[in-house]
Amino acid sequence: MRIGVFVCHCGSNIAATVDSAAVAAAARDFDEVVFSTDTMYTCSEPGQTGIIEAIKTHALDGVVVAACSPRMHEPTFRRAVERAGVNRYMVEMANIREHVSWIGKDKEANTNKATELVRMAVEKLRLNRPLFPKTFKATRRVLVIGGGVAGIQTALDCAEAGLEVVMVERESTIGGKMAKLDKTFPTVDCSSCILGPKMVDVAQHPNITLYASAEVEAVSGFVGNFEVTIRKKVTCVDWEKCTGCGLCTEKCPSKKAYNRFDEGVGPTTAINIPFPQAIPKKAVIDKEFCRYFTTGKCGVCAKICPTGAINYEQQEELAQEKVGAIVAATGYDLFDWRAYGEYGAGRYPDVISSLQYERMLSASGPTGGHIKRPSDGKEPKTVVFIQCVGSRDASIGRPYCSGFCCMYTAKQAILTKDHIPDSQSYVFYMDIRAPGKAYDEFTRRAMEEYGAQYVRGRVALIYPKGDKLVVRGTDTLMSSQVEVEADLVVLAAGAEAARNASGLAEKLHISYDTYGFFVEGHPKLRPVETNTAGVFLAGACQGPKDIPSSVAQGSAAAAKVLGLLSKDVLESDPQIAQVTLQRCIGCGKCIRVCPFQAIRETDFRGQRKAEVIEAVCQGCGLCNATCPQGAIQLSHFTDNQVLAEVEALCRC
Amino acid sequence: MSVLEGKERRIIGFLCNWCSYGGADTAGVGRFSQPTDLRIIRVPCSGRINPLFIIKALLSGADGVLVSGCHPRDCHYAEGNFYARRRLEMCKQLLPAVGIDPLRFEYTWVSASEGQRWQQVVTDFTAQIHQLPPALRFSESPDLELLRQCG
Amino acid sequence: MNAALKFLPHEHLKAWLEELAGTMRVLAPQKEGAAVVYRAFDPSREPELIRKPTESAKHILFPRSEALFAFHKKKAPFAPDSLNPDGSQAEKEEPATPAMELTPPEQPGPTVVFGMTGCDAGGVTTFDPVYGGRYQDPYYLQRREATVLIARACNEALSTCFCTWVGGDPANRRDADILATRLENGWLLEPLTERAERVLGSTLLGDAGEAEAREAEALHAKARAAIGEAPDLTGIEDALPALFDDKDFWWSESAACLACGACTYLCPTCHCFTITDEKAGLSGVRLRAWDTCMAALYTLEASGHNPRGQKAARLRNRVGHKFAYFLKNHQGRISCCGCGRCIKSCPSSVDIRRIVLNALKRAKGKEAANG
Amino acid sequence: MADDIHGALREAIRTILPDVECVLGWGSGPDPLRSAPLFMKSPEDVERFRAGELAVNNLAVFLPEYAGRKVGIVVKGCDSRSVVQLISETLVKREEVVIIGYPCRGVVDVAKIAAAIGLGNEDLEAGLVERAEVNGDTVSVTVRGETKTFPFKDVMAAKCSICRYPNAVLHDVFIGEKAEAREDSYADLEKYEAMSLEERFRFWEKEMERCIRCYACRNACPLCVCRDHCVASSREPHWLSQADSTRDKLFFQLIHATHLAGRCTGCGECARACPVGIPVGLFKRFINRAAGQLFGFQGGLDPEAVSPLQRFLVDEPTIKEKEWK
Amino acid sequence: MANVSKSSRTAGQKSAPKAVPARGKNGFKPEEKKPDAAQTAAPVAAAAAGAPQASHSGMPTRNPGAVNPYLPHMATVQEVIKETHNIMTFRVVLNDQEVMKNFHFEPGQVGQLSLFGAGEATFVINSSPTRREYLQFSVMRAGEVTAALHGLRPGDTVGVRAPLGNHFPYQAMKGKDIVLIGGGIGMAPIRTLLYYMLDNRADYGKITLLYGARSPQDMAYSYELPEWLSSKDMECVLTIDREAEGWEHKVGLIPNVLLEMAPQPDNAVAVTCGPPIMIKFTLEALAKLRFAPEQIITTLERRMKCGIGICGRCNIGEKYVCVDGPVFTYAELQGLPNEL
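First to last, the protein sequences are chains U, R, G, C and Y. Under our numbering, the first residue of the first sequence carries the number 1, and numbering increases by one thereafter. Under our numbering, the first residue of the second sequence carries the number 1, and numbering increases by one thereafter. Under our numbering, the first residue of the third sequence carries the number 1, and numbering increases by one thereafter. Under our numbering, the first residue of the fourth sequence carries the number 1, and numbering increases by one thereafter. Under our numbering, the first residue of the fifth sequence carries the number 1, and numbering increases by one thereafter.
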């Protein structure tokens, strides 16, 4: 092999503490290095041109770039060598910036270490082989999991562009959290006016198949060729027949059912349609409250239903769908604020969550848009909002900021004033985070126009006093104790990962963080991709997000899906495991450990052998470390390559 | 010269690409100064690390080996580090069988955002290795002695 | 009887070896763990001269591995920087082709092996026609020439000993440079070749006479008797090829074989090797290392084809080589010295004597059946 | 071993013989102290069968060769664990093997007998033995016409005195009364661990020097299933050089141990097979102790078991990771 | 007491010199080789461990200069030709010009080509002894060494140990009709013989070449085919296994095409090289065409290391392919154990 070495100065980023020229000079003594130089900015246009020129002049077939982290610029240099006709995988990087120049000032040690890293990269590169992606057919359909605003956006964008979309929603209606909101910040426009038409579009779009009251049961296959099993939950209503007329909900004698859509603010009937604009507009029986199920006697709805849609004996059904890509848009759930003993842990009826308050504000909500204290139905005059409930609090394991609470609290303070002009709102906050477009102006309006009293500090205790609640906290700006006698306390509960998000992540073979949020491919460069090819993220399932961000990400995910499925055939990353059939004894250990089911057993001339499904393999190398005879090797991280690196470091 | 004699020890790190290598990058970006002894080998996942790499390194004259992967549950490949944890622990328990101080090998988890933690890990581990005597070496077969020389 | 017989009183043995160690490498069997192995003579320890060494002495002349040569790539000096730090192109000059330097290794100097068994000496002389045959192997031959082999006559026979079956003798005068017999009061040293003179000049050695010679002869006779009557192996070189295609025979004889290399690596006559390169950076070595015909890889071709993929085929070749092919190429010499280590150390107790006898019997039976 | 058990075992073998290609057992070896594997195909072969204290070989090592063909195998407790482990790894199919178990009191260690025979300073070898007999708790050995008797426990293989499973853990037929299990507290390791780390290192340096790389340890190991594809001689991957290097030879032992982690059944064949007496079994003892302590695992007890290194727990209660400041 | 050892030898190996046993049972007796100046002048030999000669000079040897037979000549790759997707041809020149000038080999002899660090492998020298500007080796990628060799570029250094093994009995073939049958990479040894005969055209009768490959793309030396096809000195028939677009020659397996061609066995010799399965059926076809085993010559392949009959692995019975072969008559093969 003819190897060229390029040692970057990165301006003074490297050169200040590493003698790049000396490193380049030392590299000339390494085996198979026929060209070595130092350059000012290797990643710059002239730097890349220099690589290309050198490849051509010196007939190089491999390049080592000693510069920054490969996580930064490996793709850059791969493209560069490819332009010079060298296989893109014939590049290795020595990270002499993040791992050398930036972490120590001892130039002698740094230069020596940088030289070592280059030697190691050369030894590894010598064993690199050109790799070529393989192609395979793809199903041009996408599964969207979750019918909140992010999922809706993805589904519509994809459907509009001509892809078939399968949407699965756990609840009986799509719309997600946004459907529950009254108004949205910072424009204070009506939530359902924005979302409603989109929901209708989903229902009516010929390219979209909607499964509501359904969950993803299992996912197999791989990018371009997923097999999805969808479990349709029991609704006791035949949706083929249900017209959503609502007669049953009127006549249902069980009227104290828990109202999930209204967050428990006001009851609903055991058979119900969550809200008038529900999509699909179909009734569902809540078995927990249905008299037919609790007492065995009733059957009113069945009698009344004009289409005979009620079916108490309904069983779960499984549906199969083939898709080429999957978008997870499962959103978030609200933090269960009862973890806070100082806020009463749920004992005081007039301490409610922000989303419950939102339902109260909603004209179509349980109170008809009137703000009423849950305890006595009175209109509150003093409303205290407490922020960061379940956010930025390491003590309850929620150290992150939920991002949108500052804004919706400001909105709710404004709306409170709108609804009850003689009311006074207090907002206890830690910091106001309003970095979006027109956001800070919005919070200022809440304070300045609507007179909300913002108190910077944590609330230490809420306790009842007569029919009031005393909210005691500290004003850290004034360094004084504050006590407010409130009629109603609204807690700005933070966002947490949706219920059982981790279960779904495991089905999709994607990672999730400590809090259950799905992990993106790269926080900056691959924000809607996951590390499983063909699975994308939209909305708050990746981390707390407000509506604009969720919609933006929904569209971004759609763009990625459309890009992926723009062709009938896909290319797979060739840096994957390969089986040397001669060495494989078919013991199956690799098959057992593969996290992606990317290895299967095959019969090769009567012998058991392992076979890698190239499109599925993600290149983790677990199989490689498992195979005792080394019959399965991860391309570009082969045993021999790692051993060459070890050997290079242990020499002398 | 692979290490600065009298100044550095030969320490090899195996880092998973997604978390710990990123964590080391983060530490660099943050200019968190670290001892210079460590040389990092990048692997896709801690699950890729065959414990024999570690043993091979230690038998070949490495004074210390440090493995770092994604925190459990945070594996880029979902479960690679779970397997790694068992294998690496097994490896650690085997080392004293051959007379290698188990303190020469540590494994830990550092995420891509934990630059400071990475600095701490490197600093601590390097100090730990400096407290041990240089690694024992086998008297090499004369046939291979040549290969030990630099070149 | 040779007039130059020497006598070494037991109490002078270590002094004599120490004296020799002043000018040459002295190797003698030494107990180590459960094994007896050849080690450089250590005056602080007793050499083990009763038990049969666990390993044969062949590694002294044919090391378990040795460098045939070292190679070192000499890189040509580079042209000055062909790319300026700002990325602009400067004058370029192609570096010249690197040169490869080969360095053969140094060979050990004069050596004496004291206390090898007679059968081990027999192993050495089966090496000679192979390593000094159509092509001369300088590494082996140089060591061979530089080494004086002192074999001790056996006073005992183990249950696995069968040197007399294959032309050997407990008092082997055919193969060593000196035959040493342990007498009541000391060692009788009988020079057999010119090389013997290199070590027999010491004043610690006295002359020996008829009495010692008779005493030795009596011991030799006793040992011969202990081994017992040797069976007649005449015709074995034809019997084995005749059974070549007898699958049942080779299957059953090889059934217990684990296909490890214990038999061949302990064997004094097995002389196979492999050649591999090891390289680090610009330097490397071409190594020759023992190889074993019992391993499947021995004959595995790059294409995946393996003419001896089955262990039965490998055992057949091993026995065939020793008791048939070698005879045809080397004037009837059997490539087995009867030391019995392959039997004694086989984890599965595969017994080459039994295979050979079974083969003779079966071939005779077949012949008879064929008329 | 009692004649009636032998008789019953022979009868059991004869019974299954028509259904199998052959039955793996033991027969006589090159001298009275040693047995050899016996591959019985006919009732006449069965006459040569002998089990008991001299039946040291673990015949499970041969089973993978017979994949696709049905065979019978006579097993001691330790052998049966190897069979079970092979079944659990799907390298042997349960339905392709008929397992005949019998109670094992332990087997002899030929090296120990050789040492015990020692006449004065001449520690003569086992190879000189003319006759050997085990009677109850004693072993009688005749060398050069002279008979010596030792307590059986003094010449028993080390693995037997700590044998927790003297009876086949899985069998189709079991002949005889179950033998009593013993305890294993890894006392041998504690003794070894009295050496300092440096002493251990130097110990191995010396021991491995005499290794001839015959790989009998590997080939006698019933769980070294790579067989012809072992990394010891491969170039891709190239873990080991072909040089006679102490380091590489030791490294091979660590490869073997690592590959056996969570699989080894402790049959001790590796150490027994070593022609130059290197205590290579010690590394496996280490990993077995660790597998027990960390994962509560012992190899070869459950044909359904998955090796602990082929699975994991999200939270590992037994793994104590280093705490960084 | 039996002793099957028929010659009791004294220590020191002072046995009488033995001549090299004649290889070949049908009169194809190879010439005794002349002392090889090329070998003795090997530059590396000076530093090599020279073999002691005193007590061993009586040994017959092909290396009378007693140089170290393990030390390769240093050579430089002059030209690299990509023949097919898995075959490459290397033309190499020994670095020492004097050695190169005097390098002597016979058609069919092999060489060990080595890349330092990867190792050695055996290939036939497929250039003709009559054309001396370079030594040509064609390498099919199969294992580690061949894969490494495929990375060679012009100017790279390789090691060459050659010539080794026996050769085609071209002397004994004089005056006869020659049928050359090459399949796939088996064309390499045929090529050396072909050029030798073309360069000594008058010595031989009719020369017929049948060359087959799986597909046109698998046909090495494609650039030489037009010359062979148009040559008046020989008849050249090409065949591929299955129909391919643009292919104007025969289609079919070599043995079938051979039967169709039906060369006359009288005063003829057939030489066939190729993969084992092709050889097997070609031998059957030749038998059908009434070629006697003595009239059929083939080459054998075996894993080799030393190439000089010592390391052991390439034996078939008592014959070592590396020194007794690779060229055997079918009659000789019939006398060897069936272990191919």
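No wet-lab data here; the hints were simulated from the structure. Do not take every clue at face value.
[What the hints assert, rightly or not] Mimicking DMTMM-like on lysine to aspartate or glutamate, the simulated pairs with C-alpha atoms at most 25 Å apart in a straight line are: (1) C/Lys148 with G/Glu156; (2) G/Lys14 with G/Glu301; (3) G/Lys73 with Y/Glu339; (4) U/Lys524 with U/Asp513; (5) G/Lys328 with Y/Asp233; (6) C/Lys206 with G/Asp42; (7) C/Lys320 with R/Glu5; (8) G/Lys14 with G/Glu215; (9) U/Lys303 with U/Glu313; (10) Y/Lys280 with Y/Asp203; (11) C/Lys153 with C/Asp3; (12) U/Lys134 with U/Asp603; (13) U/Lys107 with R/Asp124; (14) Y/Lys82 with G/Glu197; (15) U/Lys468 with U/Asp376; (16) C/Lys322 with R/Asp101; (17) C/Lys93 with U/Glu611; (18) C/Lys148 with C/Glu133; (19) C/Lys112 with G/Glu46.
[Said to hold, decoys possible] Reference excerpt, derived from the structure (chain C facing chain R, CB under 7 Å, subset only): (20) Asp4; (21) His6; (22) Phe39; (23) Trp204; (24) Ala261; (25) Phe312.
Note that CB positions come from ideal geometry on N, CA and C, so glycine has one too.
Hint check:
1. C/Lys148 with G/Glu156: Distance ~19 Å between C/Lys148 and G/Glu156 Cα, so the pair holds.
2. G/Lys14 with G/Glu301: 51 Å, violated
3. G/Lys73 with Y/Glu339: 41 Å, violated
4. U/Lys524 with U/Asp513: Cα-Cα ~16 Å, so holds.
5. G/Lys328 with Y/Asp233: 44 Å, violated
6. C/Lys206 with G/Asp42: Satisfied, since the Cα-Cα distance of roughly 15 Å is no more than 25 Å.
7. C/Lys320 with R/Glu5: 34 Å, violated
8. G/Lys14 with G/Glu215: 23 Å, holds
9. U/Lys303 with U/Glu313: Within the cut-off at roughly 15 Å; holds.
10. Y/Lys280 with Y/Asp203: 30 Å, violated
11. C/Lys153 with C/Asp3: Holds - the C-alpha atoms of C/Asp3 and C/Lys153 are around 21 Å apart, at most 25 Å.
12. U/Lys134 with U/Asp603: OK: U/Lys134 and U/Asp603 at ~22 Å, within 25 Å.
13. U/Lys107 with R/Asp124: Roughly 22 Å separates the two Cα atoms, so the pair holds.
14. Y/Lys82 with G/Glu197: 62 Å, violated
15. U/Lys468 with U/Asp376: Cα-Cα ~11 Å, so holds.
16. C/Lys322 with R/Asp101: 15 Å, holds
17. C/Lys93 with U/Glu611: Between C/Lys93 and U/Glu611 the Cα gap is close to 21 Å, so the pair holds against 25 Å.
18. C/Lys148 with C/Glu133: 10 Å, holds
19. C/Lys112 with G/Glu46: 22 Å, holds
20. Asp4: 44 Å, violated
21. His6: Check failed: Cβ of C/His6 comes no nearer than 40 Å to chain R, outside 7 Å.
22. Phe39: 35 Å, violated
23. Trp204: Holds, about 6 Å.
24. Ala261: Since the shortest Cβ distance to chain R is 5 Å, the answer is holds.
25. Phe312: 4 Å, holds
Hints 2, 3, 5, 7, 10, 14, 20, 21, 22 from the list above are not met by this structure, while the remaining hints are.
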